[in-house]
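Fit chains B and C to the known structure of chain A by using the hints.
Residue-level listing of the chains:
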Amino acid sequence: MVFVLGIDIGSAQSKGIALGGQGSLGSFECPSGGDFKLTAEKLRGELLSQSGKTENDVSRTVATGYGSKLVFFADEIKPDIVCLAKGVSSLHPTVRTVIDVGDLYTKVLRTDGNGSVHNFLLSGKCAGGSGRILQVIARVLRVRVEEMGDLSLTSQKRVDFNTGCAVFAETEAISRLSQEVKKEDLLAGLHRALAAQINSLAERIGVEPDVAMTGGGARDIGLVRAFKEIRRHDILVPTDPHMIAALGAAIMALEGIEQ
Amino acid sequence: MSLKQSGAFSTVETYYNDYGQRAKELNREGKKVIGYVCSFVPLEIITASGAIPFRVRGSIHEPITRGDTLLETIVCPYYRSCFDLSVKEKYAFLSGMVIPHGCDSMVRSFSAWSYGLPLSYFHFVNIPSVCEESSLEFFGSELNTFRKSLEKFTGKAITEENLDQAIRVHNENRDKVRALYEFRKTDPPLISGTELTMTLTAGSSLPVEESNSLFDQALTEVKGRGNSPLKKGPRILIDGACLDNIELIQLVEELGGNVVTDTICNGTRDHFPKADADGNPIDALAHRYLDKINCPKTYRSNKAGTFEGDIENRFGDIGTYAREFNVDGAILYVYKYCDPFGFEVPARKVYYQSLNVPLLHLEDIYSAGTMGQLRTRIQAFLEMIG
Amino acid sequence: MAEEQKEAKPKKRMTATKAAASIGPMVKEFITGTLQAKAEGKQKVAYTFIVCHHEEIFRALDVMPVWTENFAGICGAKRDAERFLQRAESLGLSRSLCTYALCGIGFDQWREELGGMPPDAPWGGQVRPDFMISSGQILCDPRSKWYQASQQFMPDVPIYNIDLPYPLFQRNQDHRDVWSYYHQYIVKQLRGLVAFIEEQTKKKMDYDRLRELVNLSDRTWNLIDETYKLRRAVPCPMGTGDAMNTMVPINFMMATQKAYDFFVDLKKELEEKIVRGEGEVENEKYRLMWGGGLPAWYALSDFNYFNSKGASFPVETTYRMVAPLHDMDLPETKDPIEHLAWRWLGYWTFWFDKARKRPGSEPDVERLINWIEEYKIDGVVMHEAFSCRTWHVGLIWQLHQLAKIYKPIPVHVIGKDGKKEKVFKELPSLILESDIIDITSYSEVDTRNKIDAFVGALESIRANRAA
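Those protein sequences? They're chains A, B and C, same order as listed. By this note's numbering, the letter at position 232 of the first sequence is numbered 236, and the numbering carries on one by one without gaps. By this note's numbering, the letter at position 366 of the second sequence is numbered 372, and the numbering carries on one by one without gaps. By this note's numbering, the letter at position 315 of the third sequence is numbered 321, and the numbering carries on one by one without gaps.
Isolated chain A (complex conformation) (with noise of 0.2 angstroms):
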């Protein structure tokens, strides 16, 4: 029987699925923490435990993400846009541009329907935000990552955020704060600027519909919505967003055994 495993270890967290030939037979992640090492063994542990199976009988593993050159029980290493491109094909085949916001990158790549990547962009160092801002910006306001987007979306009167750069970003926030801004009407305004930084970046390499975001960034939904009033048209958000690199690696695991 077919058994295999996608593996993406992020810089900041760590997903795992286990599909068998009927589908997911399990799914984990948890922090990538400083090992990726160790976290690739306790992510592979919890996915046997989940699905009721051992090491042997294990067909292929797909490893993917910043730490994949570190997953050594894994047969291949597929970059992560790859995978992103397989994980959100397979879901919906419409999609022709997905937007990950991640916690180093925002990628950005162009896709067809049946899993390839015709061009890709990643963020850079000041150019386009990535989802690191948002963690410095909720240990800023002492609320949960998780809180942010529903925090945001209560917001009456948006501040505008001047700018989307992480460094500058902590300083214009705690300057805010202490104008005595509402955290909601400031997360809502950093949501917009990072929202219009990603779509800056995208339309580098041009947007075409439809449009999907994955990555932990799209869990935010004050974030999604920025960026679906920004761009004015639907943005496709998969269940479990961000665990969409490593749904692609397992799909090209069970890609690797019927080749």
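Treat the hints as calculated values from the structure; they're not laboratory data. Just so we're clear, the structure is a prediction, and the values are computed from it rather than from any experiment. It is possible that some hints are incorrect.
Unchecked claim - BS3-like, lysine-lysine: derived pairs with alpha carbons at most 27 angstroms apart:
| no. | chain 1 | residue 1 | chain 2 | residue 2 |
| --- | --- | --- | --- | --- |
| 1 | A | K232 | C | K431 |
| 2 | C | K194 | A | K73 |
| 3 | B | K154 | C | K194 |
| 4 | B | K96 | B | K38 |
| 5 | B | K309 | C | K44 |
| 6 | B | K309 | C | K194 |
| 7 | B | K191 | B | K355 |
| 8 | C | K410 | B | K96 |
| 9 | B | K94 | A | K161 |
| 10 | B | K298 | B | K342 |
| 11 | A | K73 | C | K291 |
| 12 | C | K410 | B | K94 |
| 13 | B | K154 | C | K315 |
| 14 | A | K161 | A | K232 |
| 15 | B | K30 | B | K158 |
| 16 | C | K360 | B | K158 |
| 17 | A | K57 | A | K41 |
| 18 | C | K340 | C | K382 |
| 19 | C | K34 | B | K158 |
| 20 | C | K291 | C | K18 |
| 21 | C | K208 | C | K340 |
| 22 | C | K208 | C | K291 |
| 23 | C | K273 | C | K291 |
| 24 | B | K309 | C | K210 |
| 25 | C | K315 | C | K18 |
| 26 | A | K57 | A | K73 |
| 27 | C | K44 | C | K18 |
| 28 | A | K73 | C | K413 |
| 29 | A | K232 | B | K96 |
| 30 | B | K94 | A | K232 |
| 31 | A | K41 | C | K315 |
| 32 | A | K232 | C | K410 |
| 33 | B | K154 | C | K360 |
| 34 | C | K291 | B | K309 |
| 35 | C | K24 | C | K235 |
| 36 | B | K158 | A | K161 |
| 37 | B | K37 | B | K191 |
| 38 | C | K274 | C | K34 |
| 39 | C | K194 | C | K210 |
| 40 | C | K209 | B | K309 |
Then chains B and C, alone, in the frame of chain A:
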């Protein structure tokens, strides 16, 4: 500190806040408005063509977004902002645009501008990097090329008389600016730095004749003032490139300083030098823009053979202003990624030492987001020299 | 010894050609040569910049050029630029400025303060010049500011700044309508340079010798063009990694017999490799163009990393500062100075006519399109060096415009109705980000992750390419 809301300055504030308001109207009336960036674009030629020169401005409050789609973030942040606002169609009333070789950021982004904006007229003016007989001659030819391209665009010849007339009226504008600066000489100055820079910025969005009458109103009003809008405080010179958002100057004055003079583009750099009114107008313009505009972009050869002599030659105008306006301290405000100014910082520092004028050097990114950081540093500086 | 390295000695880049491997010692030799010339005092040494078309004038008057961009690059390649950059910063210079210049100014200030070379100066250090020839160009602002800033620390060393403009491409203007006054001006600037150097060296220009040297570099230009065109072969015998070595004779040794001979040898070597079917990489899978940007000198081994993925670089826009003269149609002249000025204009306007013919094109974009076709390119790689506006502003726009007007890749996509349809897509591109010599801007992990992703995209396009 609040602005005195009376006649002239309330008009100034309207034009400053709704920048381009008048140009939009003129465009609706069928006039051609030609946008430009940088002090090196010879405005007299635009005016002589019957079109209206309009200085494109940035905004430190507007995050740069669409501009980043086409332009690298290593471009001068001021210039990125100008580009961003332009591609966001803030200046959709323009009929054309002129960009000079003011710096690498301008040269290398010319394609992005000319394809990014849907304008029917675009022209690049090459500015020599040295000032000598052969470069003045070359620049004269380059100005004639510009003249011809405008003639083609407007369908109307630009005569010597048109140029002479344009030179006269632009020189008048510069005389009025000088007169406004005269009011900064009292202690405290009769016109605040915030008012003055706002006035000049507003002026650069108007046809020169209208700018002249606006400046006349401002002059009359300031002359009639009994009191200064400011309290006595350290008298500050601002040294740098284009500062078309008044927040920095406002901040200095809020913290008790009086901004009394500057070297900035929308200040003395643009407005003090006049073109010679007699003789060949193109020669006069070549001479004004290449020799009289003192921008670090133009290489001035070291004729003295000593460092001290060289900086006196290059920065002498700063010394003149410092004495003329009785300056207590200076702020050298340089944008990140600005090569022309950036490379002069060490030499300028020495020059200020030689003048005995205390100096605060700030590097900034053209964003309202950094004002908080600047506040602390400016406050400390003003306390130190106060 | 200078050879002993700070902690992280860069991995030595493997070269594909013997010629490229011979470059390292050559560079070291001319750095040593400048130190020796200065010590002996027989020959004047002068700071100057590459791409000024003035080498012939230097050599005809026996002046030894010190290429200050080269020395900064060496500091970068040896991962020993940081201390000079920090010194420049302590003078008040921002790290956002051209880091070549910062490194050079930091080094000069240190050398002048010590009255001798800074400790462990790379390859013996950069010699104190007799004079400096800077250049104001439409190409680069720091060129006319760098030596001026350095002069603060050596005020007795005179500067001559030559201005070398060229007409910028404007769609509605034929550059030939304006180039005669450009030519006149450049000629005057170059004659001014001759007069300045004559005064400094107390020598008179021998115009016959100058004519011979101009002729030699003209022949070298054409030879380089022929040699580089051999890289069109599949598999490609020499990549951009090697070209970052062979840029040395192009940019630092022009107007010497040695540069000419170097390309005679390289041409022969490439021809032999082509006959043997030997490529830069063993199994060439992808052919990439280095489409813009100066390289990160401390990370040239990234080219080997590309190679390890089966990617070869048959062509690059960087440092190929020559174009075939026979395709230029330059006005004839017997005067070598006038010829130099025409060659300058001919080089910078080389792609203008072609660009004007294709809607939406520009010279830089036109060159990309032409070379994509001539060299059978699968993808474009660019490098954004944060400190240099000269070569790195406009790259995003070029890629954007390229994608807009040029879509060479046929693919099948699944339409909304679930049916397959054939569409044409643009060439994929990759932008790497760091700096020419500021290693603090570079992350090997990030860079290689990006390269992996790019190769992944190339693979996926290859698999889905429609007939």
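Cross-check of the supplied hints:
A hinted pair counts as satisfied when its Cα atoms are at most 27 angstroms apart, and K232/A with K431/C qualifies at roughly 26 angstroms. The straight-line distance between the Cα atoms of K194/C and K73/A is roughly 60 angstroms, outside the 27 angstroms bound, and the hint therefore fails. For the given pair, K154/B sits about 25 angstroms from K194/C by alpha-carbon distance, which is consistent with the 27 angstroms threshold. The straight-line distance between the Cα atoms of K96/B and K38/B is roughly 16 angstroms, inside the 27 angstroms bound, and the hint therefore holds.
Distance restraint check for K309/B and K44/C: the Cα-Cα separation of roughly 26 angstroms lies within the 27 angstroms cut-off, and the hinted pair is therefore satisfied. Simply put, K309/B and K194/C have alpha-carbon atoms about 20 angstroms apart, close enough for the 27 angstroms limit, and the pair holds. Simply put, K191/B and K355/B have alpha-carbon atoms about 24 angstroms apart, close enough for the 27 angstroms limit, and the pair holds. As the CA atoms of K410/C and K96/B are separated by approximately 25 angstroms, the hinted pair is consistent with the 27 angstroms bound.
For the hint pairing K94/B with K161/A, the CA-to-CA distance comes to about 23 angstroms; that is within 27 angstroms, so the pair holds. Taking the CA atoms of K298/B and K342/B, the gap is near 26 angstroms; set against the 27 angstroms cutoff, the hint holds. The hinted pair formed by K73/A and K291/C meets the criterion: a straight-line CA distance of about 23 angstroms does not exceed 27 angstroms. For a cut-off of 27 angstroms, the pair hint linking K410/C to K94/B stands: about 20 angstroms separates their Cα positions.
Of the pairs offered as hints, the one joining K154/B and K315/C is violated, with about 54 angstroms between alpha carbons and a cut-off of 27 angstroms exceeded. Note on K161/A and K232/A: the hinted pairing holds, with a Cα-Cα distance of about 18 angstroms set against a maximum of 27 angstroms. In summary, the hint linking K30/B to K158/B is supported, as the alpha carbons are separated by about 23 angstroms, within the 27 angstroms threshold. For the suggested pair K360/C and K158/B, the alpha carbons sit about 24 angstroms apart, so the restraint of at most 27 angstroms is met.
For the suggested pair K57/A and K41/A, the alpha carbons sit about 21 angstroms apart, so the restraint of at most 27 angstroms is met. Straight-line distance between C-alpha atoms of K340/C and K382/C comes to about 40 angstroms, which puts the hinted pair past the 27 angstroms bound. Between the alpha carbons of K34/C and K158/B the distance comes to roughly 56 angstroms, so the proposed pair goes past 27 angstroms and is violated. The suggested pairing of K291/C with K18/C holds, with an alpha-carbon distance near 24 angstroms, which does not exceed 27 angstroms.
Our distance criterion of 27 angstroms between C-alpha atoms is met by K208/C and K340/C, whose separation comes to about 26 angstroms. A C-alpha spacing of about 58 angstroms is found between K208/C and K291/C, which places the hinted pair above 27 angstroms, so the restraint is violated. Straight-line distance between C-alpha atoms of K273/C and K291/C comes to about 24 angstroms, which keeps the hinted pair within the 27 angstroms bound. Note on K309/B and K210/C: the hinted pairing holds, with a Cα-Cα distance of about 24 angstroms set against a maximum of 27 angstroms.
Of the supplied pair hints, the one linking K315/C and K18/C holds, its CA atoms being roughly 18 angstroms apart against a limit of 27 angstroms. With a CA separation close to 24 angstroms, the supplied pair K57/A and K73/A stays within the 27 angstroms bound. Restraint check for K44/C and K18/C: not satisfied, since their Cα atoms lie roughly 31 angstroms apart, outside the 27 angstroms limit. Between K73/A and K413/C, the direct Cα distance comes to roughly 34 angstroms. Violation of the 27 angstroms bound is thereby established for this hinted pair.
Taking the CA atoms of K232/A and K96/B, the gap is about 23 angstroms. The hint holds against a cut of 27 angstroms. The straight-line distance between the Cα atoms of K94/B and K232/A is roughly 18 angstroms, inside the 27 angstroms bound, and the hint therefore holds. Annotation: proposed proximity of K41/A to K315/C holds, straight-line Cα distance about 24 angstroms (limit 27 angstroms). In summary, the hint linking K232/A to K410/C is supported, as the alpha carbons are separated by about 25 angstroms, within the 27 angstroms threshold.
Between the alpha carbons of K154/B and K360/C the distance comes to roughly 25 angstroms, so the proposed pair stays at or under 27 angstroms and holds. With a C-alpha separation of about 59 angstroms, the suggested pairing of K291/C with K309/B is violated against the 27 angstroms cut-off. In summary, the hint linking K24/C to K235/C is supported, as the alpha carbons are separated by about 18 angstroms, within the 27 angstroms threshold. A hinted pair counts as satisfied when its Cα atoms are at most 27 angstroms apart, and K158/B with K161/A does not qualify at roughly 50 angstroms.
A C-alpha spacing of about 39 angstroms is found between K37/B and K191/B, which places the hinted pair above 27 angstroms, so the restraint is violated. With a C-alpha separation of about 25 angstroms, the suggested pair K274/C and K34/C falls inside the 27 angstroms cut-off, and the hint holds. Using a Cα cut-off of 27 angstroms, the hinted pair K194/C and K210/C holds, with the two alpha carbons roughly 17 angstroms apart. Distance check on the hinted pair: K209/C and K309/B sit about 23 angstroms apart at the alpha-carbon level, within 27 angstroms; holds.
When the structure is compared with the earlier hints, violations turn up for hints 2, 13, 18, 19, 22, 27, 28, 34, 36, 37 and for no others.
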